[in-house]
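S.K.: Please work from the sequences and hints to get the whole structure.
So for the sequence shown, the numbering used here puts the first residue at 31; every next one is plus one.
These are calculated hints, taken from the structure and not from any lab test.
Please note that a few of the clues may not be correct.
[As the list claims (entries may be wrong)] Quick list of in silico lysine to aspartate or glutamate cross-link-like pairs, EDC-like style, CA-CA up to 20 angstroms:
#: 1; residue 1: Lys403; residue 2: Glu355
#: 2; residue 1: Lys94; residue 2: Glu358
#: 3; residue 1: Lys94; residue 2: Glu297
#: 4; residue 1: Lys274; residue 2: Asp207
#: 5; residue 1: Lys403; residue 2: Asp177
#: 6; residue 1: Lys217; residue 2: Asp183
#: 7; residue 1: Lys274; residue 2: Asp215
#: 8; residue 1: Lys403; residue 2: Glu385
#: 9; residue 1: Lys94; residue 2: Asp406
#: 10; residue 1: Lys274; residue 2: Glu365
#: 11; residue 1: Lys340; residue 2: Asp177
#: 12; residue 1: Lys217; residue 2: Glu179
#: 13; residue 1: Lys340; residue 2: Asp406
#: 14; residue 1: Lys340; residue 2: Asp215
#: 15; residue 1: Lys403; residue 2: Asp88
#: 16; residue 1: Lys403; residue 2: Asp361
#: 17; residue 1: Lys274; residue 2: Glu250
#: 18; residue 1: Lys403; residue 2: Glu365
#: 19; residue 1: Lys340; residue 2: Glu355
#: 20; residue 1: Lys217; residue 2: Asp254
#: 21; residue 1: Lys274; residue 2: Asp227
#: 22; residue 1: Lys217; residue 2: Asp227
#: 23; residue 1: Lys399; residue 2: Glu181
#: 24; residue 1: Lys403; residue 2: Glu358
#: 25; residue 1: Lys217; residue 2: Asp177
[Unchecked claim] For each label pair, taking beta carbons as the anchor points, the in silico distance ranges come out as:
#: 26; residue 1: Arg105; residue 2: Gly46; range: 41 to 51 angstroms
#: 27; residue 1: Ala57; residue 2: Pro79; range: 22 to 32 angstroms
#: 28; residue 1: Ala211; residue 2: Gly246; range: 14 to 24 angstroms
#: 29; residue 1: Arg53; residue 2: Ala191; range: 52 to 62 angstroms
#: 30; residue 1: His222; residue 2: Gly246; range: 19 to 29 angstroms
In this text, a Cβ means the ideal position worked out from N, Cα and C, and glycines have one as well.
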Amino acid sequence: MLGPLLHRTAIADVTGRARYLLRLDEALRRSLTARWARWQKPRNQPRSPWSRYDGLYDVSDETKALLAAHRLDARPYSVSSLQRFATCPYKFLLASIYRLQPREEVEPIERMDPLTRGRMFHEVQAEFVRALQRRDALPVTVSRLGDAEAEIDVVLNRVAAQYQEDLAPAINRVWCDEVEAMRSDLKGWLHHVATEDGAWIPIRAEFGFGFAPGGGRDPESVADPVTLDGRWRLHGVVDLIEAKAGPTPRGELRVTDHKTGRNRTRERMVVGGGEVLQPVLYGLAVEASMDRAVGSSQLFFCTSTGGFEKQVVTLGERERRQGIEVLEIVDRAVEAGMLIPAPRAGACRWCDFREVCGPWEEKRAADVKDQTKLVDLQALRRLP
31 MLGPLLHRTA IADVTGRARY LLRLDEALRR SLTARWARWQ KPRNQPRSPW
81 SRYDGLYDVS DETKALLAAH RLDARPYSVS SLQRFATCPY KFLLASIYRL
131 QPREEVEPIE RMDPLTRGRM FHEVQAEFVR ALQRRDALPV TVSRLGDAEA
181 EIDVVLNRVA AQYQEDLAPA INRVWCDEVE AMRSDLKGWL HHVATEDGAW
231 IPIRAEFGFG FAPGGGRDPE SVADPVTLDG RWRLHGVVDL IEAKAGPTPR
281 GELRVTDHKT GRNRTRERMV VGGGEVLQPV LYGLAVEASM DRAVGSSQLF
331 FCTSTGGFEK QVVTLGERER RQGIEVLEIV DRAVEAGMLI PAPRAGACRW
381 CDFREVCGPW EEKRAADVKD QTKLVDLQAL RRLP
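M.R.: Rendered as structure tokens:
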């Protein structure tokens with residue numbers, strides 16, 4: 031309706047046309063006027079400074095008071111929620127503060143989607159570790175590999191049968207092929223674990239902090255969120271915690287977050303520009319909840335898709351400081367009410383909120399003359 035009108039040159043041809051859209055529905059009127067206000071600018075000139083139509087910007091004292099309940103020291107956040115800020119502050123606002131999410135669509139399952147596959151993969155890993163704990167058969171070593179493979183077959187068959195009953199996949203043969211591909215990846219993971227020859231012993235699987243035991247979480251999970259650096263509150267679930275083998279019963283710990291996708295991390299990564307926070311923040315959270323030192327934390331891309339690669343972060347003073355710096359930057363933005371659409375390059379392409387913003391937010395943010403409001407965000411994205 032609007033497209034042809036916007037390209038007509040004669041005023042008489044467009045005057046009064048489509049005005050009914052502003053009267054038809056109040057929500058539609060707000061949407062149209064807000065989108066127009068976000069894009070208005072002098073011809074061939076940079077956009078005017080940020081305005082109240084840009085997410086949260088230059089907010090009132092009343093709005094700041096409401097945002098106080100969402101400061102990082104006022105309520106716990108998950109690591110995945112915090113990672114959204116570096117991707118786009120407005121995405122963080124919509125998902126982590128407004129708590130919006132895409133509408134679920136009911137459709138027949140023909141192939142196992144990545145989220146289901148990841149959830150099922152993690153569940154099998156956790157149940158497998160607990161099964162071996164009960165039999166005092168940890169750690170997995172080369173000499174124990176045969177027994178470990180037999181156990182993971184049993185666990186996978188049980189978990190896959192439950193998922194199949196719950197999801198009722200449309201094509202059984204395709205489902206079975208997906209399960210067998212997962213079986214191959216799980217055994218590949220076991221072979222890589224066995225090469226460490228017992229240097230690390232699993233002690234917790236799916237360990238929750240801020241989440242009580244139950245729902246597949248480790249029985250030693252703690253119900254209260256952790257507090258980092260005496261202030262910042264965090265909750266989450268750590269895939270695996272291991273203790274270094276040796277004579278000391280309370281020796282150094284290692285934290286692992288298992289990934290089933292591709293490895294897109296950079297070399298010498300610490301926080302990945304604010305978008306990969308699990309290694310550092312999970313390490314600090316485990317220290318706080320278990321009162322034991324964590325020497326390293328890693329992402330383990332434990333499938334053939336990820337090449338069974340590891341991204342290891344040694345938790346030294348520099349790495350710990352950068353993890354806390356990320357939390358400080360996010361909190362300053364919430365405190366100031368500065369949560370605007372400023373996506374990093376390529377972020378809009380796969381964003382769940384593309385329908386809210388439209389497809390051109392990267393260009394629009396770059397066209398704003400005043401970039402000083404993005405100094406903190408730009409510094410965050412430069413962190414290794």
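S.K.: Look at each hint and say if it fits the structure.
M.R.: Hint check:
1. Lys403 / Glu355: Holds. Lys403 to Glu355 sits at ~18 angstroms (cutoff 20 angstroms).
2. Lys94 / Glu358: holds, 17 angstroms
3. Lys94 / Glu297: violated, 39 angstroms
4. Lys274 / Asp207: violated, 37 angstroms
5. Lys403 / Asp177: violated, 58 angstroms
6. Lys217 / Asp183: holds, 9 angstroms
7. Lys274 / Asp215: Violated, at about 25 angstroms.
8. Lys403 / Glu385: violated, 25 angstroms
9. Lys94 / Asp406: holds, 19 angstroms
10. Lys274 / Glu365: violated, 41 angstroms
11. Lys340 / Asp177: Roughly 25 angstroms separates the two Cα atoms, so the pair is violated.
12. Lys217 / Glu179: Holds, because 6 angstroms separates the two Cα atoms, which is no more than 20 angstroms.
13. Lys340 / Asp406: Judged against 20 angstroms, a Cα distance of about 30 angstroms means the pair is violated.
14. Lys340 / Asp215: The given pair, whose Cα atoms are some 15 angstroms apart, holds under the 20 angstroms limit.
15. Lys403 / Asp88: At roughly 11 angstroms apart (the allowed maximum being 20 angstroms), Asp88 and Lys403 satisfy the hint.
16. Lys403 / Asp361: Roughly 15 angstroms separates the two Cα atoms, so the pair holds.
17. Lys274 / Glu250: With Cα atoms ~19 angstroms apart, Lys274 and Glu250 stay inside 20 angstroms; holds.
18. Lys403 / Glu365: holds, 14 angstroms
19. Lys340 / Glu355: violated, 24 angstroms
20. Lys217 / Asp254: This hinted pair is violated, its Cα atoms lying about 35 angstroms apart.
21. Lys274 / Asp227: At roughly 12 angstroms apart (the allowed maximum being 20 angstroms), Asp227 and Lys274 satisfy the hint.
22. Lys217 / Asp227: Cα-Cα ~16 angstroms, so holds.
23. Lys399 / Glu181: Measuring from Cα to Cα gives roughly 61 angstroms; hence the hint is violated.
24. Lys403 / Glu358: holds, 16 angstroms
25. Lys217 / Asp177: Given that 20 angstroms is the threshold and the Cα spacing comes to 12 angstroms, the pair holds.
26. Arg105 / Gly46: 41 to 51 angstroms: holds, 49 angstroms
27. Ala57 / Pro79: 22 to 32 angstroms: Since Ala57 and Pro79 have Cβ atoms about 27 angstroms apart, the given range 22 to 32 angstroms holds.
28. Ala211 / Gly246: 14 to 24 angstroms: Given a distance of about 22 angstroms, which is inside 14 to 24 angstroms, the answer is holds.
29. Arg53 / Ala191: 52 to 62 angstroms: With Cβ atoms ~56 angstroms apart, the hint holds.
30. His222 / Gly246: 19 to 29 angstroms: holds, 23 angstroms
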